[in-house]
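Colleague: Given chain E, put chain Z with the ligands in place with the hints provided.
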Amino acid sequence: MSLLRHVPSPAQQRRAEHRRRQGVRSVLVAACSTAALGTLLVLAVTGAPGWDRVRESFLDPAIARDALPAVLTGLWLNVRLLVCCAAGALLLGLVIALLRTLRGPAFFPIRALAAGYTYTFRGLPLIIVLYVLTLGVPGLRLQGMPPVLVLGGLALVLTYGGYLAEVFRAGIESIHPSQLAAARSLGLTYRQTMRHVVLPQAVRRVAPPLLNDVVALQKDVGLVSLAGPIDAVRAAQIATAETFNYTPYILAGALFVLLAIPLIAVTDWVTLRSARRQSGG
Amino acid sequence: MALLTCRGLRKEFGDHVVLDHLDLTVEEHQVVALIGASGSGKSTLLRCVNLLEELDDGVIELDGEEISDPRVDPDRVRRRIGMVFQSYNLFPHLTVLENVTLAPRRVHRRARAEAEAQARELLDRVGLAGKATAYPDRLSGGQQQRVAIVRALANQPRLMLLDEVTSALDPELVGEVLSMIRDLKTDGMTMVLATHEMGFAREVADQVCFLDGGRVVEAGPPEQVLGEPTQPRTRQFLRRIIEAGRL
Ligand SMILES: Nc1ncnc2c1ncn2[C@@H]1O[C@H](COP(=O)(O)OP(=O)(O)OP(=O)(O)O)[C@@H](O)[C@H]1O
Ligand SMILES: [Mg+2]
Chain E
1 MSLLRHVPSP AQQRRAEHRR RQGVRSVLVA ACSTAALGTL LVLAVTGAPG WDRVRESFLD
61 PAIARDALPA VLTGLWLNVR LLVCCAAGAL LLGLVIALLR TLRGPAFFPI RALAAGYTYT
121 FRGLPLIIVL YVLTLGVPGL RLQGMPPVLV LGGLALVLTY GGYLAEVFRA GIESIHPSQL
181 AAARSLGLTY RQTMRHVVLP QAVRRVAPPL LNDVVALQKD VGLVSLAGPI DAVRAAQIAT
241 AETFNYTPYI LAGALFVLLA IPLIAVTDWV TLRSARRQSG G
Chain Z
1 MALLTCRGLR KEFGDHVVLD HLDLTVEEHQ VVALIGASGS GKSTLLRCVN LLEELDDGVI
61 ELDGEEISDP RVDPDRVRRR IGMVFQSYNL FPHLTVLENV TLAPRRVHRR ARAEAEAQAR
121 ELLDRVGLAG KATAYPDRLS GGQQQRVAIV RALANQPRLM LLDEVTSALD PELVGEVLSM
181 IRDLKTDGMT MVLATHEMGF AREVADQVCF LDGGRVVEAG PPEQVLGEPT QPRTRQFLRR
241 IIEAGRL
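For the protein sequence lines, the chains are E and Z, in the order given. Per the numbering used here: the first sequence ends with 281, consecutive numbering throughout. Per the numbering used here: the second sequence ends with 247, consecutive numbering throughout.
No lab work stands behind these hints, which were simulated from the structure alone. One thing to keep in mind: the hints can contain errors.
Chain Z regions said to be covered by chain E (calculated; three or more residues, Cβ under 8 Å) [unchecked claim]:
| id | stretch |
| --- | --- |
| 1 | 87 to 98 |
| 2 | 103 to 116 |
From the derived model, a few chain E residues whose C-beta atoms are all more than 12 Å from chain Z [said to hold, decoys possible]:
| id | residue |
| --- | --- |
| 3 | Leu4 |
| 4 | Gly23 |
| 5 | Leu28 |
| 6 | Pro49 |
| 7 | Gly88 |
| 8 | Met145 |
| 9 | Gly187 |
| 10 | Ala202 |
| 11 | Lys219 |
| 12 | Pro262 |
Just so you know, even glycine gets a beta-carbon here, dropped at the ideal spot from N, CA and C.
Just chain E, with the same shape it has in the complex (with noise of 0.2 Å):
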């Protein structure tokens, strides 16, 4: 077979040299200039007046090592409600939003609520949907009350679920009626069309935003410590006030951008991969 190998010609090879040169030239001057403005930032906050001052108390190295516990325990907690919370209102998300398509005037008092539901939750800020909830019903005394937490956790469901059902409203308008009257053609009902045909093309199509707001979310489950459960910044809020030093939030704040890198990294990946796909690829 290497007789048939193709030969680049001199001309491609001069190509493909110059396209060489010219890759070395570019790390090269990105290396550079990276570490042009690294220098110069260092230099700028490490020469402020105030450096000192503000060194001590953001990023004292053994108050770190102290609130680490606490923090990371809070972060546990963080990381429990993000997985419930996302996975249940990205399921709220959904039946609303196919509750939102039904037609038929037999469906009218559903498609109602289903609106005022994503009205209503799109427009309430989460704090208040909170205090509600964690506060206002365990005043009712009923009983067998949830726990603080689980309240706090629906109230996150609840808001975030409004947002989620009209992405998923979106992605399920997005897709063009010929694929309805193809799968309805083909005798599938219309639950059938919407499960095997609709939902599988629209979840795809929308879930670089889904996943969006799941990373928003990510940082909203802290506050339910508004109520009393104890995250990672509320548990780094007490260490600061027991030690008059800031440093456990910028832990806490180290802490969630690591635990938000791969959530990120994976929508990212997901938006390239859907783009690609969109593009014919």
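Modeller: Frame of chain E, contents of chain Z with the ligands only:
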């Protein structure tokens, strides 16, 4: 008894009357070609027969059953009718094999293995066996349209409705789809096809119907309707087609 009978069909979109007292009869094993200017209602007629559009008047009977009766379950009717669209409308998230087996499995509740065996046999017959696991966006237009026809056939329909199935294709791909329709005719499939391919209509159709003003203005054997039309409007239409070099 005719397989399909349409009597007095009327369909309006707002003020625009697209079908106006249209009559059409299709015998079993017959191939009927619908011709007519763009906007004359060919697609609308096919969509009405498949109950994808609601009628404003008239009666449609399939196998002696009035399918335009609102008490009839449209899903049950559509299982007996295969429809192929100008723009293929394959499901892009499913492979060729999954496209073809979707209805047999979900509608007819066939076992997966059985549905796949049948689908592979059908694909093999049209030379697409090698594409079973490909996604539609990897196929040429002609291949996609042939898969769409196979998908409709997998339901074992009594009647096939083909809506300008070659209009979106590059000229060199038209032939492979037309030859598939020719084979269907040989197998005795009853078909109604809307088409701009006059040559093909002449060759394959038992009856050609010229639609204009929402009615079948002229119907008959292709030699007569395309060769010696009696209606002035048919003549006018054909003259324009000839001038455009399509006959
Ligand atoms: N959903 C709709 N709403 C409003 N008007 C419509 C709709 N569908 C079709 N029409 C109109 O009905 C008329 C007939 O359309 P139809 O698609 O049946 O024509 P056709 O004979 O298939 O034309 P072509 O050869 O271009 O495919 C056109 O004027 C079209 O604009
Ligand atoms: Mg048409």
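Colleague: Hint by hint, say whether it matches the structure.
Modeller: For each hint, the structure was consulted:
{"no.": "1", "hint": "87 to 98", "verdict": "holds (count 6)"}
{"no.": "2", "hint": "103 to 116", "verdict": "holds (count 3)"}
{"no.": "3", "hint": "Leu4", "verdict": "holds (25 Å)"}
{"no.": "4", "hint": "Gly23", "verdict": "holds (32 Å)"}
{"no.": "5", "hint": "Leu28", "verdict": "holds (40 Å)"}
{"no.": "6", "hint": "Pro49", "verdict": "holds (60 Å)"}
{"no.": "7", "hint": "Gly88", "verdict": "holds (26 Å)"}
{"no.": "8", "hint": "Met145", "verdict": "holds (44 Å)"}
{"no.": "9", "hint": "Gly187", "verdict": "violated (4 Å)"}
{"no.": "10", "hint": "Ala202", "verdict": "violated (10 Å)"}
{"no.": "11", "hint": "Lys219", "verdict": "holds (32 Å)"}
{"no.": "12", "hint": "Pro262", "verdict": "holds (26 Å)"}
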